[in-house]
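**Student:** Each chain, written out:
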Amino acid sequence: MSYVKLTRDQLAARVARDIPEGAYVNLGIGLPTLVANHFSPDQEVFLQSENGLLGMGAAPAKGWEDFDLINAGKQPVTLLPGGSYFHSADSFAMMRAGHLDIAVLGAFQVAANGDLANWHTGDANDIPAVGGAMDLAVGAKQTWVMMELFTKDGVCKLVDRCSYPITGVGCVSRVYTDHGVFSLGAQGFQPLELVAGFDAASIFSKRHA
Amino acid sequence: MISKISASIELALEGIKDSSTILIGGFGGAGMPNELINGLIEQGARDLTIVANNAGNAEFGLAALLKAGRVRKVICSFPRQADSYVFDALYRAGKVELELVPQGNLAERVRAAGAGIGGFFTRVGYGTELAKGREVREIGGQMYVFESPIHGDYALVKAERGDRWGNLTYRMAARNFGPVMAMAAKTTVASVHEVVELGELDPEVIVTPGIFVQHVVKIERTVTAASGIKS
Numbered sequence: 001m002s003y004v005k006l007t008r009d010q011l012a013a014r015v016a017r018d019i020p021e022g023a024y025v026n027l028g029i030g031l032p033t034l035v036a037n038h039f040s041p042d043q044e045v046f047l048q049s050e051n052g053l054l055g056m057g058a059a060p061a062k063g064w065e066d067f068d069l070i071n072a073g074k075q076p077v078t079l080l081p082g083g084s085y086f087h088s089a090d091s092f093a094m095m096r097a098g099h100l101d102i103a104v105l106g107a108f109q110v111a112a113n114g115d116l117a118n119w120h121t122g123d124a125n126d127i128p129a130v131g132g133a134m135d136l137a138v139g140a141k142q143t144w145v146m147m148e149l150f151t152k153d154g155v156c157k158l159v160d161r162c163s164y165p166i167t168g169v170g171c172v173s174r175v176y177t178d179h180g181v182f183s184l185g186a187q188g189f190q191p192l193e194l195v196a197g198f199d200a201a202s203i204f205s206k207r208h209a
Numbered sequence: 001m002i003s004k005i006s007a008s009i010e011l012a013l014e015g016i017k018d019s020s021t022i023l024i025g026g027f028g029g030a031g032m033p034n035e036l037i038n039g040l041i042e043q044g045a046r047d048l049t050i051v052a053n054n055a056g057n058a059e060f061g062l063a064a065l066l067k068a069g070r071v072r073k074v075i076c077s078f079p080r081q082a083d084s085y086v087f088d089a090l091y092r093a094g095k096v097e098l099e100l101v102p103q104g105n106l107a108e109r110v111r112a113a114g115a116g117i118g119g120f121f122t123r124v125g126y127g128t129e130l131a132k133g134r135e136v137r138e139i140g141g142q143m144y145v146f147e148s149p150i151h152g153d154y155a156l157v158k159a160e161r162g163d164r165w166g167n168l169t170y171r172m173a174a175r176n177f178g179p180v181m182a183m184a185a186k187t188t189v190a191s192v193h194e195v196v197e198l199g200e201l202d203p204e205v206i207v208t209p210g211i212f213v214q215h216v217v218k219i220e221r222t223v224t225a226a227s228g229i230k231s
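Here the protein sequences line up with chains A and B, keeping their order. Quick note: the first sequence, position 76, residue 76 per the numbering used here, numbers continuous. Quick note: the second sequence, position 34, residue 34 per the numbering used here, numbers continuous.
If you're looking for bench data, these hints aren't it; they were derived computationally from the structure. Built from N, CA and C at the ideal position, the CB exists for glycine as well. Hints are supplied without guarantee of correctness; some may be wrong.
Claimed, not checked - Among chain B residues calculated to face chain A with C-beta under 10 Å, some are:
no. : residue
1   : F78
2   : D88
3   : Y91
4   : A93
5   : K95
6   : E97
7   : L100
8   : G104
9   : N105
10  : G118
11  : T122
12  : R123
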């Protein structure tokens with residue numbers, strides 16, 4: 001049976017819908033950054049950026065970029081009225097101590113035991129870089145993953161055990177993908193919703209392929 | 001009369017010895033003290049250990065210091081950038097040592113040094129490659145790893161305004177590692193865009209009190225794509 005998977009923007013809108021008003025949220029680099037474009041006008045959410053911003057706003061208009069005001073991806077951003085600046089140790093205290101409600105992160109792999117792999121492919125030729133990934137993975141009250149379900153080669157990124165080096169142990173509670181949303185608990189992955197016509201059983205057969 | 005204002009970058013950096021550990025503020029281009037790093041290149045100290053969030057872009061600032069062959073070891077969280085080719089080549093050739101540290105652990109290890117803390121236990125990194133060989137402890141039913149403080153001989157930070165007592169304010173997200181690094185080094189050198197009279201900085205908004213700062217150097221506000229106001 002054929003199905004239509006979600007576009008990147010549809011996926012971002014789906015994640016945004018589940019973020020409650022008043023939540024303190026860090027959106028990871030890449031796909032999760034798109035979530036910021038999909039909050040409804042009356043949905044007030046506090047966006048944190050680990051380089052020292054709370055109340056982060058949209059990208060500035062062309063010509064108004066200020067390179068002292070950037071996000072974790074080093075792109076120029078703005079600060080909303082009511083926003084604040086702080087140093088890196090305070091920023092990571094917000095994460096580590098669970099003041100931050102939700103971290104939305106990209107992933108290479110998520111395992112059935114909640115392990116996350118998103119910092120390193122393990123390829124010896126890669127320059128390793130971790131940034132705030134490990135801090136975000138274990139610090140926030142909830143860690144959500146947002147990713148495409150399959151790699152470009154068609155391999156499912158939901159796995160029994162991560163084969164890539166892990167970022168955090170048992171830290172993921174929910175996975176948002178272009179094929180559906182999954183919760184993670186004692187029973188492993190549980191589909192919460194799937195795009196019409198997509199059979200979850202096919203994931204698990206591909207997982208073991 | 002006490003004045004921590006240095007007449008030149010050269011004077012502010014003259015005490016840096018070979019084999020020193022240098023803490024360098026900045027996240028990407030924001031808060032990166034490129035003028036002080038250029039001064040360090042001219043100063044000539046070698047065999048340095050550099051503690052910073054990144055490992056340089058293109059061939060300026062930290063990348064230029066690396067290219068000049070002055071760095072033995074980099075302790076950082078995110079060396080890989082689209083234009084970190086100087087670091088990448090040195091690392092692949094085995095010419096620079098890398099200690100990769102999660103960004104929050106890096107900030108807290110530096111803060112611990114500045115606060116006289118002998119180390120701390122954190123959940124971050126537990127069970128990962130980056131915590132291999134570390135002491136672990138179960139606290140309140142969760143697993144933690146021990147992280148040690150990172151002390152600097154010198155800290156180079158980019159601030160916005162400073163006075164002759166060494167009080168500093170920062171600008172926007174250029175603050176990042178500056179305040180904790182200023183606390184963690186024996187000698188802190190801050191570049192500022194404005195030197196103001198005592199009392200001009202509102203005591204309510206001073207971010208780094210002067211006790212943490214030894215030298216303040218005024219630099220011009222340059223128009224670059226990587227640092228500060230673009231135009």
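**Student:** Evaluate each hint against the coordinates.
**Tutor:** Comparing the hints with the structure gives:
no.	hint	result
1	F78	holds (4 Å)
2	D88	holds (5 Å)
3	Y91	holds (6 Å)
4	A93	violated (12 Å)
5	K95	violated (14 Å)
6	E97	violated (13 Å)
7	L100	holds (5 Å)
8	G104	holds (3 Å)
9	N105	holds (7 Å)
10	G118	violated (17 Å)
11	T122	holds (7 Å)
12	R123	holds (5 Å)
In summary, the structure is inconsistent with hints 4, 5, 6, 10 from the numbered list given earlier, while agreeing with the others.
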